[in-house]
Amino acid sequence: MRSTLPYDPRSDAVREASWVERIGRRAISSLSETWSLFGTLKDAIVSDFAPGVAAKRLVHGIMLTQVMFTGVQALSLVSAIGVLIGASIIIQTNMMMPADGELIGRVLVAVVLRELAPLITAIVVAGRSGTAIATELGNMKVNSEVLALSSLGIDPLRYVVLPRMIGCVVSVVALMIYFSIVSLSAAFAIGILASGASLSSFQQGVSGSVMPHDLALFFAKGLGLGTIVGWLSCHFGLQVNSSPTEVPQQASRAVVMSLLGCVVYNTLLTAGFYWLVGPPMPAP
Amino acid sequence: MKDGLWLEDASFRYGDLWVLRETELHVPPGRTLIVTGDNGVGKSTLLYVCAGLLNASAGHVWLDGHLAAAKKPSELMRQGVRRGFLFGQGGLLSNLSALANVTLALRYHADLFGMDEEDLNLRAREALAQLRVAQTDFHALPAHLSLGVRKRVALARAVALNPNFVFLDDPDGGLDSSTRNLVYERLERFRDDSGITVVIATNSRQLIERLAVEPMELAHGHLLPEDQSRRSRMA
Chain C
1 MRSTLPYDPR SDAVREASWV ERIGRRAISS LSETWSLFGT LKDAIVSDFA PGVAAKRLVH
61 GIMLTQVMFT GVQALSLVSA IGVLIGASII IQTNMMMPAD GELIGRVLVA VVLRELAPLI
121 TAIVVAGRSG TAIATELGNM KVNSEVLALS SLGIDPLRYV VLPRMIGCVV SVVALMIYFS
181 IVSLSAAFAI GILASGASLS SFQQGVSGSV MPHDLALFFA KGLGLGTIVG WLSCHFGLQV
241 NSSPTEVPQQ ASRAVVMSLL GCVVYNTLLT AGFYWLVGPP MPAP
Chain Y
1 MKDGLWLEDA SFRYGDLWVL RETELHVPPG RTLIVTGDNG VGKSTLLYVC AGLLNASAGH
61 VWLDGHLAAA KKPSELMRQG VRRGFLFGQG GLLSNLSALA NVTLALRYHA DLFGMDEEDL
121 NLRAREALAQ LRVAQTDFHA LPAHLSLGVR KRVALARAVA LNPNFVFLDD PDGGLDSSTR
181 NLVYERLERF RDDSGITVVI ATNSRQLIER LAVEPMELAH GHLLPEDQSR RSRMA
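If you read the sequences in order, they're chains C and Y.
Residues in the first sequence are numbered from 1 upward in steps of one, following my numbering.
Residues in the second sequence are numbered from 1 upward in steps of one, following my numbering.
Note that these hints are calculated values from the structure, not bench results.
Warning: the hint list may mix true and false statements.
Below are the DSS-like pairs computed for lysine-lysine, each with C-alpha atoms no more than 25 angstroms apart in a straight line [stated by the list, open to error]: (1) C:K56 x C:K42; (2) Y:K71 x C:K56; (3) Y:K71 x C:K42; (4) C:K42 x Y:K72.
Computed footprint of chain C on chain Y, listed as stretches where at least three residues anywhere in the stretch have a Cβ under 8 angstroms from a Cβ of chain C [what the hints assert, rightly or not]: (5) 89 to 102; (6) 107 to 113.
The model shown is predicted, which means the values in this text are computed figures rather than measured ones.
Beta carbons are placed, not taken as given, at the ideal position from N, Cα and C, and that holds for glycine.
Just need the whole structure built from these sequences, with the hints factored in.
Below you can see the structure in the form of structure tokens.
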């Protein structure tokens, strides 16, 4: 309660905390933040199993809208990046080994399919839609819209977080496939024109390098990266309390953490996967 | 069975700032509670706690015998607790039109209410018409509506739910006299409905006189009848 006594500046003086106290506070705060982070993910997933056929229908509608914003509207940007990445790889490979279509095909599989398609797509989605999601949710918090949803008996995690998270997963997987097609096609076209290698040698290189387990890795990356982007963007958006100045801060935090999360996940998955299944490329 | 709103030893604080201290309160169905208090004492927070939008730091809040701080808001709705809440600025969803704001909860719970698309549209339009929202505003986004219209739409959203609890935060703040009268008429109907528990946070003397309800004042975390609160302050 507000004091009616005259203001005494000494009352604001905070006792200097010892280093043990500071470390303890930091540890508690980090633990509670991690707990809340995973709580958002768990509660959002569980909310899909809550009763309510009408709610499910409504949420699916929002999911489709999210796929439209996150996936369909990002096609042109992903196309441009895909073509340029394919071209850069061809230029580099062609300088090392001119007119070797098979080698270029192998390099494309290793670089584009296994690493760049998932990572670049996730970065594009985090940059385009992650900021938008975090900002939208932050503004909803500031305008009491999240409280309003609760007052109407609507679960915010089900109505707000779940469709955005699934929208991100679907979009990242679809954009990864699209990115790979665009990038490989551009690389083939430029490679044939620049180095004179034959289309069949490219095809041989690609088909000889793609293993069945590559597809498993490809989709595991897509699902994981999409979840990371959607989940972290929603979580940090909902961390806004009541001040509009927190919105850009949390939006920027959402993107930074999403990018970091994506790179870490991508690296760990690649390392773990090939440690389990052995080297991806058969020796020539 | 704990009918209506029950606060059982309920406390709420922001850090060291107490909004509510070990409060016992019962507002039965058909009764109206008006809460007054200085700016910043926590009237809105008290409403949030009563409606279960914020969890009490200690103690319990019950709505018709159900814990207000249910894990999922939809659980309360499924247990028959229908809350209408008017926020200070309306609290409308900014990406939905006025009509979509009113139909949202009906559509989300359509299976619970046994309504089809036509029914819920009709009910929403009726609620908007009751609050005299012009048809031309039905498809406008909240950002394109004046505060008065936004508040009427928010009230229509509460009315459409056929609520058994109504929580109103400064319902006549920033309204012109004709809109204010319209809101007062609607609040009188809530007050006279024997099935609805109403909690209003306001400092508007005009509203208090119009509803003819003895207000309670929130001060220092305690909720006391206004005259008693005044006496204790003077003492």
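Hint by hint, here is what the structure shows:
1. C:K56 x C:K42: 18 angstroms, holds
2. Y:K71 x C:K56: The hint holds at about 18 angstroms.
3. Y:K71 x C:K42: Within the cut-off at roughly 14 angstroms; holds.
4. C:K42 x Y:K72: 14 angstroms, holds
5. 89 to 102: holds (count 6)
6. 107 to 113: holds (count 6)
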